[in-house]
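Take a look at the letters that make up each chain.
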Amino acid sequence: IFHWKSAKMACLSCLLEYGTVKIIVIRNKAVGSVFRLIQFLIILYVIGYVCVVRKSYQVKDSVISTVTTKVKGTGFTNISGLGAHVWDVADYNIPPEGESSFFVLTNMIITPNQMQSSCPELPDQSTICMSDSDCTEGSSDVRGNGIQTGLCVNYSETVKTCEVLSWCPLEIDTDLPENPLLAAAENFTVLIKNTVTYPKFNFHKRNILPDVNSSYLKQCEFNRITDPHCPIFRLKDMVAELRFYCIMVMFVKGGVLGILIDWSCDLDFPEHYCGPKYSFCRMDNKNPENNVAPGYNFRFAKYYKTTDDVETRTLIKSYGIRFDVIVFGTAGKFNIVPTIVNVGAALTILGLVSPVKSAVLGLGV
Amino acid sequence: IFHWKSAKMACLSCLLEYGTVKIIVIRNKAVGSVFRLIQFLIILYVIGYVCVVRKSYQVKDSVISTVTTKVKGTGFTNISGLGAHVWDVADYNIPPEGESSFFVLTNMIITPNQMQSSCPELPDQSTICMSDSDCTEGSSDVRGNGIQTGLCVNYSETVKTCEVLSWCPLEIDTDLPENPLLAAAENFTVLIKNTVTYPKFNFHKRNILPDVNSSYLKQCEFNRITDPHCPIFRLKDMVAELRFYCIMVMFVKGGVLGILIDWSCDLDFPEHYCGPKYSFCRMDNKNPENNVAPGYNFRFAKYYKTTDDVETRTLIKSYGIRFDVIVFGTAGKFNIVPTIVNVGAALTILGLVSPVKSAVLGLGV
Amino acid sequence: IFHWKSAKMACLSCLLEYGTVKIIVIRNKAVGSVFRLIQFLIILYVIGYVCVVRKSYQVKDSVISTVTTKVKGTGFTNISGLGAHVWDVADYNIPPEGESSFFVLTNMIITPNQMQSSCPELPDQSTICMSDSDCTEGSSDVRGNGIQTGLCVNYSETVKTCEVLSWCPLEIDTDLPENPLLAAAENFTVLIKNTVTYPKFNFHKRNILPDVNSSYLKQCEFNRITDPHCPIFRLKDMVAELRFYCIMVMFVKGGVLGILIDWSCDLDFPEHYCGPKYSFCRMDNKNPENNVAPGYNFRFAKYYKTTDDVETRTLIKSYGIRFDVIVFGTAGKFNIVPTIVNVGAALTILGLVSPVKSAVLGLGV
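Residue numbers (our numbering), protein chains in the order written: chain L, 58 to 422; chain Y, 58 to 422; chain C, 58 to 422.
Among these hints, one or two may not hold up.
Which copy? The list can't say, so a pair holds if one copy fits it or any two copies do.
In silico DSS-like cross-links for lysine-lysine, where the CA-CA straight-line distance does not exceed 27 Å [to be verified]: (1) LYS293 with LYS275; (2) LYS310 with LYS293; (3) LYS257 with LYS334; (4) LYS275 with LYS374; (5) LYS117 with LYS257; (6) LYS275 with LYS217; (7) LYS112 with LYS359; (8) LYS127 with LYS359; (9) LYS217 with LYS129; (10) LYS310 with LYS275; (11) LYS293 with LYS86; (12) LYS275 with LYS334; (13) LYS334 with LYS112; (14) LYS374 with LYS127; (15) LYS127 with LYS310; (16) LYS129 with LYS275; (17) LYS129 with LYS359; (18) LYS129 with LYS374; (19) LYS334 with LYS127; (20) LYS129 with LYS86; (21) LYS334 with LYS129; (22) LYS112 with LYS127.
Don't read these hints as lab results, they were simulated from the structure.
Chain L with its partners taken away, still in its complex shape:
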């Protein structure tokens, strides 16, 4: 028993004793002031960069978001061959629904009453022919419009081209209207409904803030100064915020416009300080000098059947603006673990000064 007690004492004394380094204090104004300065800079870095700028004492989380959109407005066109036509959202919003993206048709080339038949190709270097021997039956050029039948037929009174099996008559997409047909689209509005979640903090919020009521939502319109929380945006106001771009120019050839919603939040502050910040930017081509293949367009068709059961279609080469809603942001909230880790790391760097100092002194000695 005696031995055991003695051993326990020895062990305890071993655990509780500690070593410390003998420090010799030397007075040297030059070296001393340099190291005080370095320590000051490190403390400044810790407070300024780690705490204020990076907020390293916080746990961070990335936003999870859902977006739905609804466009409103009607436009009117009077295209020769098609007649007067009123366009509403079901007509110009194609496809009707997309995940955080929507398209508004602003300009188009319409080719109505296409039917599966054969017709002369559009004339260019490879399709102009003198006789049937210039055309190859069954061949199909990837940039052409159909499958060659092997015949050389009159395209116009002066030009002969190879005949193709295709949806005829072929679309002639060289004369795009210079004034956008649906110029009225500049007055369309879009309601953006966006719900965000920060799962780590169990934080949920909509961009339709709690103080917005139905009657306000029925008549409001986003304005940076007067209505910064209204989630209804007029198309021309969004483009107006992009300096350098004119909405009518964008409407002619099409484009992609980003609606950026920033939900960056410091959740150490009360919840109502955390709200959406909107901004807009041109996504497809910021450099107007490099304007090869500009704009945005795609083709779609509406299919019909005639009374004798033959399929016809109206082909629409549609130019317009695709709006991509991009939601981003990180939220931070105080947490003890990153605080300890970062303060620890900062103190470590602070501790670094001593060895460096020793090294410097060593050189000096």
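Since the structure of chain L is already known, use the hints to place chains Y and C on it.
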């Protein structure tokens, strides 16, 4: 030669000699026990937080994922004016295909046989008129349905409204069916095919696990307890997991539902431990008190041509549930580099105790 | 005043004095060489891993990207019942437009002239019946095609099945063409327009590089060796880069193919070194052994009205390749803050050697 050898020796001896600090051992139970406690906490932090919780000894990679979905089921409606109608996937899944998102139509307002013509606007404050002078030819309200013709015509026997050029008759969207027309959608199922890749580890896996065969896949249905690996989900089961929400209420006004697939994996364990974990959550509005602009709906149209070549359309304001499949996860695998870096950093913090101790002792002396 | 000056002096002298540890130099070749080696390894790590591999002296930013695509090419099919048919982009690209994703139809099962009526179910275990009592009026199987009428009718001369209300005639999807109907799709091309932004560095670039002009873009085609900067890709070339996969096999059952664009850039180099790097990979199923539920298909319908105002539709079960354009990358640029932080951390680890050395010596003594 002698000198060179001597210089080499001097250099070597310089390289191989080292400095060490003189350590003075002091026995002080109070200070000693405090620093043993701090060292213990730091070691606990290193083992507990760095190794177990954060797994900092691993290299991490984010998931790359592809999702395809396929909905099955048929519903039946008997709407006045439209007659008996069976709905299958080509009818209710709009658009037919989306990247990791699909829509199931559950309720709708159908306006058949619309034609480009003119008709009285729906009555509200700005459209009710007494005479033609109250209407402006060519004007178009963004919240209206068309372009005013300038005439004031009878909307009903008692009310006159401005006439508009539009798709007529206009949709009257105030009487949304209170019982969802396609209530049968609760029994629809969706097969989700999801392939994930962790490029850094050359790891590929599907949510259809290797032990699932075709015959099981033909008849199984996801169930947390009995079939946790079946990738076929019944719509009502998914909504049932969301407490607070009733599927029929969601079906009336529509909504957005997230299908979350978590592929977080520790690849130090055998591959078959790495599998998908499914969860479901309401994405569009978690706060039932803030119910301004609730639900999810959009309009689309089916276009027809009459025998006299006039375009007609059936406009469908469709309410339903958009399912967003969200795949996330990080995988980790042991790697020597982060292990060294993190153990090094932890030891550094451990080393910090000495200067702090010295400082404390300095204060105490 | 005298006292104040004295106090100031004392304070200054306190600020400017410093402590240094007394270092005892011991010559021991074994221990010395080990620690020189450790220091060498740490310096190697700092230079090799931190500076060269991780480029920790740089600020990083993630890419923000926009993608638009345009497919070109025509195909020809001659399906019994449908006749000769030329397919162009408006026919085979469904839906016409998607955010960074497009679909090319390559194989299909067409069921024309479907009408809302009743017809016998396709025969399988649960639908074959002997008499009306085997069928339940109003019941609907999620894997079936419609709502049972309660009658048992002749499916063929030998088999009777329950009658269903549905779009009739039903689709028979068992005889998928073994040679893809639109095999010509292998020669289709796609133009991918991609604009990226690194917001932190105000860096914008397109994948159509500044030295590419319109006439080159009209005739070029991507080729790793001869045309690495042409953004026009031939479908068969992309599949050819995936070893193990044959394009015709993919065309029969469909699949998902990723077009990966890597914009990782070191912006300390001139801007023109930063360009897109393309690669392709199969996204849906890399493991040919686990081939349950292979391929990719979906159903869509084209709706018509007959002269007596009855709705008919053509149902198309479409197999094809969905192309997902995935843009990724991080850019880095020198910045003083991460440089200081990382060099500091590295020096700290270097400083660690001393305590470890002391500990080792302590054991040895």
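Going down the list of hints, with the structure as the test:
1. In the homo-oligomer, the alpha carbons of LYS293 and LYS275 lie at most 27 Å apart inside one protomer (19 Å), although the nearest pairing across protomers, at 33 Å, exceeds that limit.
2. In the homo-oligomer, the alpha carbons of LYS310 and LYS293 lie at most 27 Å apart inside one protomer (16 Å), although the nearest pairing across protomers, at 31 Å, exceeds that limit.
3. For a Cα distance limit of 27 Å, the shortest separation of LYS257 from LYS334 qualifies both inside one copy, at 22 Å, and across copies, at 18 Å.
4. Taking identical chains as interchangeable, the C-alpha atoms of LYS275 and LYS374 lie at most 27 Å apart only when they sit on different chains, with a minimum of 19 Å there against 34 Å within one chain.
5. Taking the shortest Cα distances, LYS117 and LYS257 sit within 27 Å of each other both inside one copy (8 Å) and across copies (20 Å).
6. Taking identical chains as interchangeable, the C-alpha atoms of LYS275 and LYS217 lie at most 27 Å apart only when they sit on different chains, with a minimum of 23 Å there against 59 Å within one chain.
7. Proximity of LYS112 and LYS359 under a CA criterion of 27 Å is satisfied in neither setting, with 55 Å inside one chain copy and 54 Å between copies.
8. Taking identical chains as interchangeable, the C-alpha atoms of LYS127 and LYS359 lie at most 27 Å apart whether they share a chain (23 Å) or sit on different chains (19 Å).
9. Proximity of LYS217 and LYS129 under a CA criterion of 27 Å is satisfied inter-copy only: 24 Å between copies versus 47 Å inside one chain copy.
10. Taking identical chains as interchangeable, the C-alpha atoms of LYS310 and LYS275 lie at most 27 Å apart only when they sit on different chains, with a minimum of 18 Å there against 32 Å within one chain.
11. Neither within a single protomer nor between protomers do LYS293 and LYS86 lie at most 27 Å apart by alpha-carbon distance, with minima of 66 Å and 76 Å respectively.
12. Within a single copy, LYS275 and LYS334 get their C-alpha atoms as close as 21 Å, which meets the 27 Å cut-off; across copies the closest is 41 Å, which misses it.
13. Within a single copy, LYS334 and LYS112 get their C-alpha atoms as close as 20 Å, which meets the 27 Å cut-off; across copies the closest is 33 Å, which misses it.
14. When the C-alpha separation of LYS374 and LYS127 is checked against a cutoff of 27 Å, the pair qualifies both within a copy, at 23 Å, and between copies, at 12 Å.
15. In this assembly of identical chains, LYS127 and LYS310 lie within 27 Å of each other by CA distance both inside one copy and across copies; the values are 23 Å within and 15 Å between.
16. For the homomeric pair LYS129 and LYS275, the shortest alpha-carbon distance inside one copy (12 Å) is at most 27 Å, but the shortest distance between copies (38 Å) is not.
17. Within a single copy, LYS129 and LYS359 get their C-alpha atoms as close as 22 Å, and across copies as close as 19 Å, so both meet the 27 Å cut-off.
18. For the identical chains of this complex, LYS129 and LYS374 are neighbours both inside a copy (22 Å) and across copies (13 Å), given an alpha-carbon limit of 27 Å.
19. Proximity of LYS334 and LYS127 under a CA criterion of 27 Å is satisfied intra-copy only: 19 Å inside one chain copy versus 33 Å between copies.
20. Proximity of LYS129 and LYS86 under a CA criterion of 27 Å is satisfied in neither setting, with 74 Å inside one chain copy and 77 Å between copies.
21. With identical chains, the CA atoms of LYS334 and LYS129 are at most 27 Å apart within one copy only, with a shortest distance of 23 Å there and 40 Å across copies.
22. Taking CA atoms no more than 27 Å apart as the test, LYS112 paired with LYS127 passes in neither setting, with 37 Å inside one copy and 45 Å between copies.
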